[in-house]
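Chemist: The residues making up each chain are set out below.
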Amino acid sequence: MASDRIVGIDLGTTNSLVAFMQGETPVVIPGDDGLNLLPSVVALDANNHPVVGNAARNSLIETPERAVYSIKRLMGRGVEDIQEELKLFPFRLAEDLQPGEVLRIKLGNKTFTPPEISALILRQLKRSAERFFGGPVTKAVITVPAYFNDAQRQATKDAGRIAGLEVLRLVNEPTAASLAYGLDKKQNGIVAVYDLGGGTFDISILKLHDGIFEVIATNGDTHLGGDDIDNLLITIALDDIRGDLNLDLRRNAEAVQAIRKAVIEAKIALSSQPSVKLDIELPGGYRYQREITRDQYEQLIQPVIDRTVGPCKQAIKDANLKPEQIDEVVLVGGSTRIPKVRALVKDLFHREPHTDLNPDEVVALGAAVQANILGGGSEATENMLLLDVTPLSLGIEVAGGVTDKIILRNSTIPASATQFYTTQIDGQTNVAIHVLQGERELAKDCRSLARFDLKGVPPMAAGIPRVEVKFLIDANGILHVSAREQRSGKEADIQVQPSYGLTDEQVEGMILDSFDNAEEDFRQRQLIEARAETATILAALEKGKKSAAWGQLTTDEKKQIAKMEKSLAAVNAEDDYHAIRKAIDALNQGTMRLAELMMDTAVSSALKGKNMDETDLGEGPTAPHPMAKAEFE
Amino acid sequence: MRLWNVILRLSRIGVGAGDPLAQPVPRNIPRDPLRPVHAEKRNENLTTKSVLTTVAAQPLPQDSRSCWSCGSVFETTRAALFCKSCGKVQPPVAVDYFTFFGLPPKLNVDAPSLEKSFYELSRRLHPDLNARAGSQEQEWSLEQSSLLNDAYRTLRDPIKRTEYLLHLEGVELEEQSKSATEQARATGAMKKQIVPPDVLEEVFELNMQLEELRMSKKMGEEDPALIAEIGKQKLSLEAKHESLLQELQADWKEWDSLIDSAQASSEERGQATSRMVDVLNRRNYIRNLVRDVNAALEE
Chain W
1 MASDRIVGID
11 LGTTNSLVAF
21 MQGETPVVIP
31 GDDGLNLLPS
41 VVALDANNHP
51 VVGNAARNSL
61 IETPERAVYS
71 IKRLMGRGVE
81 DIQEELKLFP
91 FRLAEDLQPG
101 EVLRIKLGNK
111 TFTPPEISAL
121 ILRQLKRSAE
131 RFFGGPVTKA
141 VITVPAYFND
151 AQRQATKDAG
161 RIAGLEVLRL
171 VNEPTAASLA
181 YGLDKKQNGI
191 VAVYDLGGGT
201 FDISILKLHD
211 GIFEVIATNG
221 DTHLGGDDID
231 NLLITIALDD
241 IRGDLNLDLR
251 RNAEAVQAIR
261 KAVIEAKIAL
271 SSQPSVKLDI
281 ELPGGYRYQR
291 EITRDQYEQL
301 IQPVIDRTVG
311 PCKQAIKDAN
321 LKPEQIDEVV
331 LVGGSTRIPK
341 VRALVKDLFH
351 REPHTDLNPD
361 EVVALGAAVQ
371 ANILGGGSEA
381 TENMLLLDVT
391 PLSLGIEVAG
401 GVTDKIILRN
411 STIPASATQF
421 YTTQIDGQTN
431 VAIHVLQGER
441 ELAKDCRSLA
451 RFDLKGVPPM
461 AAGIPRVEVK
471 FLIDANGILH
481 VSAREQRSGK
491 EADIQVQPSY
501 GLTDEQVEGM
511 ILDSFDNAEE
521 DFRQRQLIEA
531 RAETATILAA
541 LEKGKKSAAW
551 GQLTTDEKKQ
561 IAKMEKSLAA
571 VNAEDDYHAI
581 RKAIDALNQG
591 TMRLAELMMD
601 TAVSSALKGK
611 NMDETDLGEG
621 PTAPHPMAKA
631 EFE
Chain Y
1 MRLWNVILRL
11 SRIGVGAGDP
21 LAQPVPRNIP
31 RDPLRPVHAE
41 KRNENLTTKS
51 VLTTVAAQPL
61 PQDSRSCWSC
71 GSVFETTRAA
81 LFCKSCGKVQ
91 PPVAVDYFTF
101 FGLPPKLNVD
111 APSLEKSFYE
121 LSRRLHPDLN
131 ARAGSQEQEW
141 SLEQSSLLND
151 AYRTLRDPIK
161 RTEYLLHLEG
171 VELEEQSKSA
181 TEQARATGAM
191 KKQIVPPDVL
201 EEVFELNMQL
211 EELRMSKKMG
221 EEDPALIAEI
231 GKQKLSLEAK
241 HESLLQELQA
251 DWKEWDSLID
261 SAQASSEERG
271 QATSRMVDVL
281 NRRNYIRNLV
291 RDVNAALEE
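Protein chains in written order, with the working numbering: chain W, 1 to 633; chain Y, 1 to 299.
Everything hinted at is true.
Here are the computed lysine-lysine pairs in the PhoX-like style, where the Cα-Cα straight-line distance is at most 25 Å:
| hint | chain 1 | residue 1 | chain 2 | residue 2 |
| --- | --- | --- | --- | --- |
| 1 | Y | 116 | Y | 106 |
| 2 | Y | 116 | Y | 84 |
| 3 | W | 261 | W | 106 |
| 4 | W | 545 | W | 559 |
| 5 | W | 313 | W | 207 |
| 6 | W | 207 | W | 322 |
| 7 | W | 563 | W | 582 |
| 8 | W | 405 | W | 455 |
| 9 | W | 317 | W | 207 |
| 10 | W | 317 | Y | 240 |
| 11 | W | 87 | W | 106 |
| 12 | W | 470 | W | 405 |
| 13 | W | 322 | Y | 234 |
| 14 | W | 566 | W | 545 |
| 15 | W | 317 | W | 346 |
| 16 | W | 558 | W | 545 |
| 17 | W | 207 | Y | 160 |
| 18 | Y | 234 | W | 317 |
| 19 | W | 261 | W | 277 |
| 20 | W | 405 | W | 317 |
| 21 | W | 582 | W | 559 |
| 22 | W | 322 | Y | 116 |
| 23 | W | 405 | Y | 160 |
| 24 | Y | 160 | Y | 253 |
| 25 | Y | 160 | Y | 234 |
| 26 | W | 322 | Y | 160 |
| 27 | W | 340 | W | 277 |
| 28 | W | 546 | W | 563 |
| 29 | Y | 234 | W | 313 |
| 30 | Y | 116 | W | 207 |
| 31 | Y | 160 | W | 470 |
| 32 | Y | 160 | W | 317 |
| 33 | Y | 232 | Y | 217 |
| 34 | W | 317 | Y | 232 |
Cβ-Cβ distance ranges computed for the label pairs, FRET-style:
| hint | chain 1 | residue 1 | chain 2 | residue 2 | range |
| --- | --- | --- | --- | --- | --- |
| 35 | W | 35 | Y | 116 | 41 to 51 Å |
| 36 | W | 489 | Y | 116 | 34 to 44 Å |
| 37 | Y | 224 | W | 322 | 25 to 35 Å |
| 38 | Y | 133 | W | 481 | 16 to 26 Å |
| 39 | Y | 123 | W | 136 | 29 to 39 Å |
| 40 | W | 347 | Y | 224 | 22 to 32 Å |
By construction, these hints were calculated from the structure, which means they are not laboratory data.
Even for Gly, the Cβ is constructed at its ideal location relative to N, Cα and C.
Build out the structure end to end from the sequences listed, making use of the hints.
Modeler: This is the structure we're talking about:
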């Protein structure tokens, strides 16, 4: 049943995963390489076809201008908020980018918005799930950092739509993790989830009560994670190289990616070893070698991991708790494997954190649990309900450029607020509303969410219209606005101009694009597969001609086969996979007697004591080929 | 001139209280033809001022409706949030937060039982548990569940609860928030400050000391004696804050007994609410002062 196939997806900065509730247990669905983690890397191959995951990772070093990683850092952001990112990450923005426009990233000579790149990752996960189920997958729960703002959430939802997925719910990552943990524990108490991933940090404090997972407070930093540690190590290596070898590699993308790969390996090793040796081959035959001890490394990363302390303290304060009142601490995200991070958490919460579940997988598993709840639940998830909060206050700009907060942070969602507006000029028919998100007092320090135009206010004397505007944050943490002029009862027309987002029309266009591509992709795959099969059958035929059985065929049969062989070779040069398939089928039919004769010969030689293996049968015309099965539609 | 400059918050300037306009009625609801007219009229917007003024003196509204899905009739003293026979979420009806929880408009609220109701209602109304319902029902679930959360957030907090009740009674508190201060500063408007007379002298002195502290910090100096003095003042303010909360609780008791007696005159109610307004205004003033002191000490 299709409703059984709601998958849970962790769309991570570094890795992405798809999971599903199999019976009463959530399991990660592996990709076609058999691995659970899909690196969140997208590249274009030589034919301008997108490749995702490990295949794209190689391209990061070989053709870095055709690949992109850590795209999550750019989701829902404008060009003015990513200046820091641009210094540290090799994002190549489109040159013709206009201010206020959604970012576009260059891969080769094509450009993609961050939601489109994320959609390619999602589509890869969708395919893995479809292979797993043997049927289409169209619904998903996708996780986002708890501290993601409205624009970042909307961008994630758009990515889902572009990938052909109905996003039933966006779930906050730490909350999802708590669901995965809560599944077998089923206990009451206060739990803190510390989630330090590749690019984002979240802290959530939850109250567990008979299956209700009530988030009391959340905080975080959407630009803090393992990436920051990698960048520190890369900078040091580049400085070293410049100092020692007088070689400036900062603009050499291939070299930077080679260094990045090496320092990530070193970082991982330093979680278990007292020291590690970097050894990197550089262009021009140079070699960069350096030993890093655990001590040096920990000193280096201290400022990065210290940035998690403030959000943790704020969350504990917002929850109105003392650290001692927190019963359990759960670690999530690959960066929590770093011993120094674990020590810091232990220090902050005065207790040993839990690490029972794989920190890379626990979010996806939790997303699968939530997917199951949305799908109607099962024995395992019975009574489970997630009550999450909005991480940031929602405000309106009022006179003087001040933010008037109307929904405070850590309010349980869905949450709503109603505001009344009037006009200041006689006959005024439009009222503009500027919606903001953030904790700061002045509008200019908060993040602009959207500007709404209330249009069609009936012309009346100033101060007489009474426009009721309802702001509602849904269970995904996304804002909806509706308005009504109360004196006339007229619904006011709202024009939404998301400050950093795609319009519905743009998303629709991208969906079509990806469908077009999907068809093209499908055609390409079919063609490749058909040609591979042609090669197999023609090779088999060559061998058949050399066998004793060939002589037993009539001249007519041989002529017929030669004719079919020729026409197969001819259509194989064309791009019509249907024609190739037809020619293959014909040749298969035509060579059936030859195959039977060869088999007979083989059997009789075997009876004569010859080993079957020595009789060269060749690969049969229907031998398995290395290509993946065709996609489901 | 930027357009947002012309926006005025009506609630701030106090225009248009109590419009007898109905809430938006969800489309496509099978309506009960026998539904009494007064039930319609009650659908006033809640953020206007007049809703509870009549409710407090009268018995809770009796609402008789039937489930849009299975047709079973409910007789409840609260809004029909979901159908007790078929479990379907019902279209939202504008009610005040107390009525939403089936509570009388009293100020002493039992926190554990409020939490219990919140959890129980969440299990019925939350969108996650209605994700497979029709799109109309999903929309109601979203609205009902946001109402539930808004109501719970307001009622579980003693100060917000009191302010909300006063709001229902048609009383608005002076804006003492930081954003109101900033706004007043930015627009050059005078902000109405209600300084409780009994702390007037202390406040004057404290402000001088805070100014002194800021100056000395600017010069990079630390004056331990000054900091100790301010710390002492802060403790006394916190004690004051505590005693105001106790005063407020006494006022709650009085209010609740007025509600119980059901014969209280509007004059008596008015007196009770103005006492609470007074306590809250003083309390807010002291709280802001403590906040300023903390900020100055941490700067």
